[in-house]
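Q: Residues per chain, in single letters:
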Amino acid sequence: MTLNASDKVFVKERLERAREIMLRYPDSRSALLPLLHELQDAAGYVTQSGMREIADLLGITPAEVLGTASFYTMFKLEPIGDHLVSVCTSLSCQLYGADVLYRNLLAHFAVANKKTTADGVFTFEEVECAAACGGAPCLQIDYKYFEFLDPEKAVELLEDVRNRGLSIVHEERGSVNAPLPPLTPEEVSKGPAPVGSGPLSETAREEGHG
Amino acid sequence: MPENDTLSTVPISLDGREVQASPGQLLIAAAEEAGVYIPRFCWHPRLRPVAMCRMCLVEVEGMRGLQPACYVPVKEGMEVRTQTPLVKKVQEGVLEFLLLNHPLDCPVCDRGGECPLQDHTMSFGPGESRFVEEKRHFEKPVPINNLVLLDRERCIQCARCTRFASDVAGDPLLEFASRGNDLQVTVFPDEPFSSYFSGNVVQICPVGALTSIPYRFKARPWDVTIAETTCGGCAVGCRGALSETRNRLIRFLGVDNDAVSWGWLCDKGRFAYEYVGSENRLTVPLFREETAAADAFSEVSWAEAVERIAEQIQEVKGAGGNIAAIGGARLTNEEAYSLSKFMRVVCGTNDVDCQLDDGLPADFVAGARNRAVINDFAKASVIVLAGPDLKEELPVLYLRVRDAVVNQGVPLFVIGPPQSGLTDFAKKVFDTPAAFDPVLLPIAGDVVLIVGRQSAAQDAEAQSTWALGLSEQLGERVKLLPILRRSNVHGAIDMGLSPSLLPGRVTVDDLEARERLAQVWEGEFPPDPGRDCREILDAAVEGKIDILFVVGADPLTDFPDPVMARRALERTSFVVVLDLFPSSATRFADVVLPAAGWGEVSGTVTNLEGRVQRVAAKVTAPGQAASDAQVFREIAEHLEVDFGCGTPEATLREIAQVAPAYQGVSLSRFRGKKGKEGVLVGEGRVAPRTSSPFEKDARPLGNGFRLHVGRAFWDRGTLVSECPSLSGLRPGPIVRVHPEDLAFAGITDGSSVRVLDEDPAGRLDLLRTVVADERVPLGTVSVPHNQDEPFVIRVGATVTLERID
Ligand code: SF4
Ligand code: SF4
Ligand code: FES
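Residue numbers (the numbering used here), protein chains in the order written: chain F, 5 to 214; chain W, -17 to 787.
Read the hints as simulated data drawn from the structure, not as lab findings. Keep in mind it's a predicted model, so treat the numbers as computed, not measured. It cannot be assumed that every hint is accurate.
Label-pair restraints from in silico Cβ distances [as the list claims (entries may be wrong)]:
1. W/Lys57 to F/Lys118: 48 to 54 Å
2. W/Ala209 to F/Asp45: 44 to 50 Å
3. F/Leu27 to W/Pro55: 37 to 43 Å
4. F/Arg28 to W/Lys57: 37 to 43 Å
5. F/Arg23 to W/Asn357: 38 to 44 Å
6. F/Leu37 to W/Met45: 44 to 50 Å
7. W/Glu110 to F/Glu130: 29 to 35 Å
8. F/Leu37 to W/Glu110: 42 to 48 Å
9. F/Glu130 to W/Gln2: 41 to 47 Å
10. W/Ser734 to F/Leu27: 40 to 46 Å
11. F/Leu27 to W/Pro203: 44 to 50 Å
Dumping the calculated EDC-like pairs for lysine to aspartate or glutamate here, alpha-carbon to alpha-carbon at most 20 Å [to be verified]:
12. W/Lys70 to W/Glu43
13. F/Lys80 to W/Glu43
14. F/Lys119 to W/Asp164
Don't be surprised by glycine CBs; every beta carbon is placed ideally from N, CA and C.
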């Protein structure tokens, strides 16, 4: 990150771009979301001083900017690490033990939910359905998908990212990682597997969450 | 909501009963009018509906699911059911849901005992909750400004406070942040809810989430007695309910009336009751020791004070000397009338003035024809505002103008200093009346013309002749609203506290009025206008005033030339000051009489529309402080004048009898639903003054800046400085200048400057901190009045600005 928290964000080209974005809308206030994105891209997160700048640009109050920014969970109101790790814990992933996976990750990296590791590399968060139910349990690193994980695989994945960098790792093993074999005719005739019979059911049951 | 203009009503069926309702009116309001109360949290009659809390769900035949009564407009033939088992079940469900996270800390909550959530839970709730899990927690309570605390755990997310802040006050500083389980009301960090109207959110919050710091933990609803009264903070005259416990005022809440305030109060009006109980109040009559050094007063009894004043009057009258009175704008109508009568019949003079040369000519104010009332704003085709910054001086009037402009779309022209909060919505802003061109106005429809003194350095005569010139040009279309600032100054003028006027909006030479007065008033007074405040003080400087009554006024602060005022008081042989607090004027007094004030005296007051409303006495005045009316009556009776006016009621009867514009004003007219709106006084018989088209004002010569002296909401006035909760809120000794002017002069924002009158004869010389403010017109230096030591203001003054290094 090149910006300090106190640096003005909307200067020079970025200010021009902001003005240009504002012109796209009949009511410049509608430019609020795109400007928040600009701010987050530039500063790494939605800074307080940046919100004030946006308020000044749009002629609204900082409280109004905050109201909108805080509604969207993908806007970060606090500094985050180099990588954002978003673990889905909604129903489908949960059934495949996402909570165990997540707890294991936090324990391994000695960090709490919504917090950043001491070395500043990862910030962890729990998210609502990441829309990858077919690859449950899944997580995203900087919104890049990794699916069909289990607690051990997830730890190993993050260690790999820490050592070799996200882009290489994602290229090698990103998105659909280990698709399940196609269903056998018997499985098809049996219907959906009962709850708790997924690949993680052992661990999950031990943990009392089966 | 704006009142519904549709006169025709349609039948609807309400719980099987046919009732009449106005089409378009919201179901919840229509039902209430028909006597059916539908429970609600988020709906407030003066706020835009949002249907957020779901407490008001009812069944409407033919509409799928339950409908929020606060959002569905009435249609002819609608069949509405509010009491079915389904509705009751849903009400229980909504309440159980709202209480999931509610801390139920009623025993330590300020709202306990008067809380809509408590009441609704008792009346409509399930009685039990199935929720056994841990509730949501927040830090409690957090301040959102200097006067209001927020407890997010108690909040039920009804959005009343946020809607008030953005839609009514125009200060969108209070917002919802996050969502779902984390949804919370918040201000931006380090950006408090700095609104002049912040107390209103405490009042309308349906739970104890918002509490006011001055009232917190002071009382329970069953410990207090309450009276409805009118705010004495300024000339708007907002209605409110005043609470007392153990003879102390502890709270003032807005009361909804349609004509004036809609239930709102500004923070000054709401919290200023603290001054009434201040320890600094005057409590005993004081007499200056004849021999001792300056400032040595001794306490005397009322009887002795009255006797000695009466003796002085007799002596001065016997020797053909002069008696005069200034002030009186804080009195009730009845007190002002007593002072007016006292000066005429006991002292035989018209030398009275309730304005301190800082308002408008009294005949312009009292003689305005075709007057506007506040409710005309929203119906006008245009509003022309040539007055002071309303938000600073007449705050709730600002809310009403803002509503007309922002919510009802009435175009606004602003003439003069920019209006904080309104300028952005104005169609056009003009620096001076001369720059305004009437061809810009719409060709038809009512023009509401609001006229006040924009600056203490502005020529008030010119301002009023300009306004009359414009009115004449536009004819009947114009509805004029002359506005003055001090609490009951309009009532005081109506009671004849003006050198050229008698009670009831008539001139001193009005034969009919004098005849009628002669039947009631025993005593002679001249048929010619007396001296106004400036002339009185001028004469005093020359030693020509023998007795000067200074009634609830401080000329050393408020008269534009405090140096002259001081000399005048020094040169007057006998100065009687009646006031609530020691002031700079009491230092020059020979007699100081402790007065009873707002909250202690009952009677009536008249607001800037000419609307008479009642004020109530809720506590007894401290020590021996007494109503000014009583003082004047006692002195008169001591001089064997049959003064009458023994009680406020008797005085009001006399006013209605002798004051033409007040004929028919009686206590019975303040009762009932209609009486809630007060009584508008009639037209008087003050001849319209001669008008002239406004001349192009001479632009400042040389490099001078035009001087603008306006009031700031928070100043050193008694209302603020005697209230512990408010006195820290003043902007302080600053001057405001446009940033371009500052850049040109090479002065940096925040540095010290010297403001000097360009005219060598002028005596303005101020050291202040300069603040860059884009709202100040170019070429102007704006100085807020009464922030520290008073200074001399010359009408039409131009000043220079020097940097002090
Ligand atoms: S603080 Fe009060 S008024 Fe504001 S949203 Fe919460 S409950 Fe409603
Ligand atoms: S606007 Fe005036 S009358 Fe109304 S509350 Fe404020 S001070 Fe009182
Ligand atoms: S009062 Fe109707 S939804 Fe709240």
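Q: Mind listing which of the numbered hints don't hold for this structure, in increasing order?
A: 2, 6, 9, 11, 13
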